[in-house]
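What follows is each chain in one-letter form.
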Amino acid sequence: GDSVTQMEGPVTLSEEAFLTINCTYTATGYPSLFWYVQYPGEGLQLLLKATKADDKGSNKGFEATYRKETTSFHLEKGSVQVSDSAVYFCALVNFNKFYFGSGTKLNVKP
Amino acid sequence: DAGITQSPRHKVTETGTPVTLRCHQTENHRYMYWYRQDPGHGLRLIHYSYGVKDTDKGEVSDGYSVSRSKTEDFLLTLESATSSQTSVYFCAISAGDQPQHFGDGTRLSIL
Chain W
35 GDSVTQMEGP VTLSEEAFLT INCTYTATGY PSLFWYVQYP GEGLQLLLKA TKADDKGSNK
95 GFEATYRKET TSFHLEKGSV QVSDSAVYFC ALVNFNKFYF GSGTKLNVKP
Chain Z
8 DAGITQSPRH KVTETGTPVT LRCHQTENHR YMYWYRQDPG HGLRLIHYSY GVKDTDKGEV
68 SDGYSVSRSK TEDFLLTLES ATSSQTSVYF CAISAGDQPQ HFGDGTRLSI L
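If you're matching them up, the sequences are chains W and Z in order.
Sequential numbering of the first sequence, starting at 35, is according to my numbering.
Sequential numbering of the second sequence, starting at 8, is according to my numbering.
Just so you know, the hints here were simulated from the structure itself, not pulled from any lab data.
All values reported here derive from a predicted model rather than from experimental measurement.
Just so you know, nobody snuck in bad clues.
Listed next, the in silico DMTMM-like pairs over lysine to aspartate or glutamate satisfying Cα-Cα at most 25 Å (straight line): (1) W/Lys131 with W/Glu76; (2) W/Lys94 with Z/Asp104; (3) W/Lys131 with Z/Glu79; (4) W/Lys111 with W/Glu49; (5) W/Lys139 with Z/Asp111.
So, partial list: chain Z residues that the calculated Cβ filter (under 7 Å) puts toward chain W: (6) Gly49; (7) Leu50; (8) Phe97; (9) Gly103; (10) Asp104; (11) Pro106; (12) Phe109; (13) Gly110; (14) Asp111.
Ranges between beta-carbon positions, derived for each pair: (15) W/Thr39 with Z/Asp45: 14 to 22 Å; (16) Z/Thr27 with W/Gln79: 22 to 30 Å; (17) Z/Ser91 with W/Thr104: 36 to 44 Å; (18) Z/Ser72 with W/Phe129: 24 to 32 Å; (19) Z/Ser76 with W/Lys90: 38 to 46 Å; (20) W/Glu49 with Z/Lys77: 43 to 51 Å; (21) Z/Lys64 with W/Lys143: 38 to 46 Å; (22) W/Pro44 with Z/Glu34: 28 to 36 Å; (23) W/Lys90 with Z/His48: 24 to 32 Å; (24) Z/Gly23 with W/Lys86: 44 to 52 Å; (25) Z/Val59 with W/Gly35: 26 to 34 Å; (26) W/Lys131 with Z/Ser91: 20 to 28 Å; (27) W/Asn56 with Z/Asp61: 30 to 38 Å; (28) W/Gln79 with Z/Asp61: 25 to 33 Å.
We put the beta carbon where it would ideally sit given N, CA and C, even for glycine.
Please model the complete structure; the sequences and the hints are all you need to start from.
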């Protein structure tokens, strides 16, 4: 069946470091892909999305490219801030069914 | 922000009591979902609804029931709460193959 796998955390970085959080997926057909962010005590917020192969989703300095050939949707940011500390979830939707990765906690130190 | 309201936001209750959580949306979306989130388990789908009176089970549905009598409301009921159901519960809505939007969660403690 469909699934999403993302890298284990926590990931700890210094402010202004480069961020990559890996996400790969398994799916039939043509899923849409998403990254969500969850700040402490809050629900998940949509960060960015991509609906077809080679699409690049971007928001707030974060980017992810839908790579069908490698079934990946890695999240990147060139320079992280302390305020980016949160849990990040990769997800896909396929035929109206959603699948979430297990989440990656990011800690950014000043 | 998507119009999703969960109530209550926090609840403490005792084992064996019934508990109902409410999710209310103002977006008129067809799909509604209940998840629980626990450390080490990520998000797990409990039940979902694809229309009024149309619901189906998720991966952790045992001990939970749901009802959707109106488009805007999706209720999650724990018929007889157990300590293993202590968790944070999230409601989400979606218009089909579009991103889900989440509520702020209900923190439920069962003593």
